[in-house]
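Quick mapping for you: the protein sequence lines, in order, are chains A and B.
In terms of UniProt numbering, the first sequence has 293 at position 293, counting the first letter as 1, and numbering is strictly consecutive.
In terms of UniProt numbering, the second sequence has 82 at position 82, counting the first letter as 1, and numbering is strictly consecutive.
No wet-lab data here; the hints were simulated from the structure.
Wrong hints could be hidden among the right ones.
In silico BS3-like links for lysine-lysine, alpha-carbon gap of 30 Å or less [stated by the list, open to error]:
#1 B:Lys194 with A:Lys225
#2 B:Lys55 with B:Lys10
#3 B:Lys224 with B:Lys8
#4 A:Lys194 with B:Lys225
#5 B:Lys194 with A:Lys194
#6 B:Lys224 with B:Lys10
#7 A:Lys159 with A:Lys10
#8 B:Lys12 with B:Lys274
#9 A:Lys228 with A:Lys159
Since the structure is predicted, the reported quantities are computational estimates derived from the model, not experimental observations.
For reference, the chains in residue letters:
2 protein chains.
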Amino acid sequence: MITKLIEKIKQKKAPVCVGLDPMPSFIPEHIKIQSYDEFGAGLKGAAQAVLRFNKEIIDNIYDLIPAVKPQAAMYEQLGPEGMKVYAETIEYCHKKGLIVIGDVKRGDIGSTCEAYATGHIGEIEIGSMTYSGFDTDMITVNPYTGSDGIIPFLNACNKYDKGIFVLVKTSNPSSGEFQDIEAGGRALYEHVGKKVAEWGSLSMDGYYSNVGAVVGATFPEVIKKLRKLMPYTYFLVPGYGAQGAGAAELKYCFNDDGLGAIINSSRGIIAAYKSEKYKNKFSSREFAEASRLAVSDMIKDISSAAGRGD
Amino acid sequence: MITKLIEKIKQKKAPVCVGLDPMPSFIPEHIKIQSYDEFGAGLKGAAQAVLRFNKEIIDNIYDLIPAVKPQAAMYEQLGPEGMKVYAETIEYCHKKGLIVIGDVKRGDIGSTCEAYATGHIGEIEIGSMTYSGFDTDMITVNPYTGSDGIIPFLNACNKYDKGIFVLVKTSNPSSGEFQDIEAGGRALYEHVGKKVAEWGSLSMDGYYSNVGAVVGATFPEVIKKLRKLMPYTYFLVPGYGAQGAGAAELKYCFNDDGLGAIINSSRGIIAAYKSEKYKNKFSSREFAEASRLAVSDMIKDISSAAGRGD
Numbered sequence: 001m002i003t004k005l006i007e008k009i010k011q012k013k014a015p016v017c018v019g020l021d022p023m024p025s026f027i028p029e030h031i032k033i034q035s036y037d038e039f040g041a042g043l044k045g046a047a048q049a050v051l052r053f054n055k056e057i058i059d060n061i062y063d064l065i066p067a068v069k070p071q072a073a074m075y076e077q078l079g080p081e082g083m084k085v086y087a088e089t090i091e092y093c094h095k096k097g098l099i100v101i102g103d104v105k106r107g108d109i110g111s112t113c114e115a116y117a118t119g120h121i122g123e124i125e126i127g128s129m130t131y132s133g134f135d136t137d138m139i140t141v142n143p144y145t146g147s148d149g150i151i152p153f154l155n156a157c158n159k160y161d162k163g164i165f166v167l168v169k170t171s172n173p174s175s176g177e178f179q180d181i182e183a184g185g186r187a188l189y190e191h192v193g194k195k196v197a198e199w200g201s202l203s204m205d206g207y208y209s210n211v212g213a214v215v216g217a218t219f220p221e222v223i224k225k226l227r228k229l230m231p232y233t234y235f236l237v238p239g240y241g242a243q244g245a246g247a248a249e250l251k252y253c254f255n256d257d258g259l260g261a262i263i264n265s266s267r268g269i270i271a272a273y274k275s276e277k278y279k280n281k282f283s284s285r286e287f288a289e290a291s292r293l294a295v296s297d298m299i300k301d302i303s304s305a306a307g308r309g310d
Numbered sequence: 001m002i003t004k005l006i007e008k009i010k011q012k013k014a015p016v017c018v019g020l021d022p023m024p025s026f027i028p029e030h031i032k033i034q035s036y037d038e039f040g041a042g043l044k045g046a047a048q049a050v051l052r053f054n055k056e057i058i059d060n061i062y063d064l065i066p067a068v069k070p071q072a073a074m075y076e077q078l079g080p081e082g083m084k085v086y087a088e089t090i091e092y093c094h095k096k097g098l099i100v101i102g103d104v105k106r107g108d109i110g111s112t113c114e115a116y117a118t119g120h121i122g123e124i125e126i127g128s129m130t131y132s133g134f135d136t137d138m139i140t141v142n143p144y145t146g147s148d149g150i151i152p153f154l155n156a157c158n159k160y161d162k163g164i165f166v167l168v169k170t171s172n173p174s175s176g177e178f179q180d181i182e183a184g185g186r187a188l189y190e191h192v193g194k195k196v197a198e199w200g201s202l203s204m205d206g207y208y209s210n211v212g213a214v215v216g217a218t219f220p221e222v223i224k225k226l227r228k229l230m231p232y233t234y235f236l237v238p239g240y241g242a243q244g245a246g247a248a249e250l251k252y253c254f255n256d257d258g259l260g261a262i263i264n265s266s267r268g269i270i271a272a273y274k275s276e277k278y279k280n281k282f283s284s285r286e287f288a289e290a291s292r293l294a295v296s297d298m299i300k301d302i303s304s305a306a307g308r309g310d
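Using the sequences plus the hints, can you model the full thing?
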């Protein structure tokens, strides 16, 4: 799978991923009103508003980017109707040729982990047929339970040509509380990083592995260390834009081949029409055009960090 | 919320939770056939089979136990139809007076974490009304991102009188890979445990806190240490039965008041009809009666561990 992602990144000349995290406050009133009129002002109406919002943004940006990252939490908060729209968003993105990274941060053990793998990057047998619950290409996973919590995902990667990104160092201020704890001269995130590289060796796909890592853009020194520790691991990098990191912080994410990382922005793109930078140029009805301009600007900004990658 | 759980535990004289983890292989053929006939042999048919299976088990055990713990992964693997059945299972359990612990092991940061809290133990405003996506009373959460990943859940606990169980030491063989890493003379799970106790002090509900901990039954020495480190923290204890731990391992989970822990069994109860112990006594059509006997046997076994608690 990582080869497919890399091909798309090269084709679009954009190591960029757009986070589809439709918080209710991001969705313009006219979409809400229209959706509530049709489906009622309840969970279904709210979920359908999300779907319309997503589709209009995707229609306006799909040609510029290789991948999107829908954030499961934003759909889950709308209950089963929200999960239906999560699945429909994935399907719509696939129709537009995008790689879909489900930001689910799942993690458990044994057969439970297998069930998550089945639901998000695998297939389930029912009668004589197989079905996909949520048909994402890659997902984010949590390493806290150790190998028992990763191997089932790894097996699904190999069986179905899919990928995962394991949380190594997250972008939030308190990420250090546990991730920076030092043991044997190394921080926990380094111990996790080393394991991710090991797991990754069991699902190589060309130069890089299908097992990637989530590494926050907000800690450049950490990125430097991890880039060295795990040369064959693709980084999914949150924290650009709204969370404060810019292109300067990002240069260490990339290998000398200009590859090795995909930078995510969520609210910076999908809520661009509300931001200081773009709000005077676009009305709330032009939210998707604002997203397109924000994507273009982001790609220009990131390209300088990625260096000689093509 | 923890007071409500404790009252139910005392009322049923059973510090026991039944895990509703309906793996496809647990569901008897006659239920599958009936459900596929009615809803088709696809994701909907499979999900409806799960719902029937759950309901028949709940009907047969609800009077014996205080709480159930549906495992989200088992529903998620059936896509949106599965999540609908997850919500319906929660609703059905509530009608039977059970406390419902959603085993979702969610964890993220900031506004994303808020969305998970909203979806599982909170409410979302739509128009002039509020709605619950998945109306669980308590959920399991993952601590890897630190306080930023816990505070939003904590706020929901306080606002809606709900509870969480934070993963501290999981029951699986590889849990030590990261959780046992030693830093400053203490294992990571102790660092996490200490933090859980701190977070817990922000949501006290009587003697105990609404912030509990997941502590695997498979490591008695660890339980001893954690019980001392976090006296006001309720433990949700997986690993009993199918994962190998018995009553002897469990005695350290409980405080001198006979409280402080709720022991979970999943497949040992819901797939009892397939186990060595019960399979000769029950046919697959009597799966729910087998579950009832397994619950009774488990309560007897656990009571000896809980000591003088009533």
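Hint check against the structure, violated hint numbers in rising order: none
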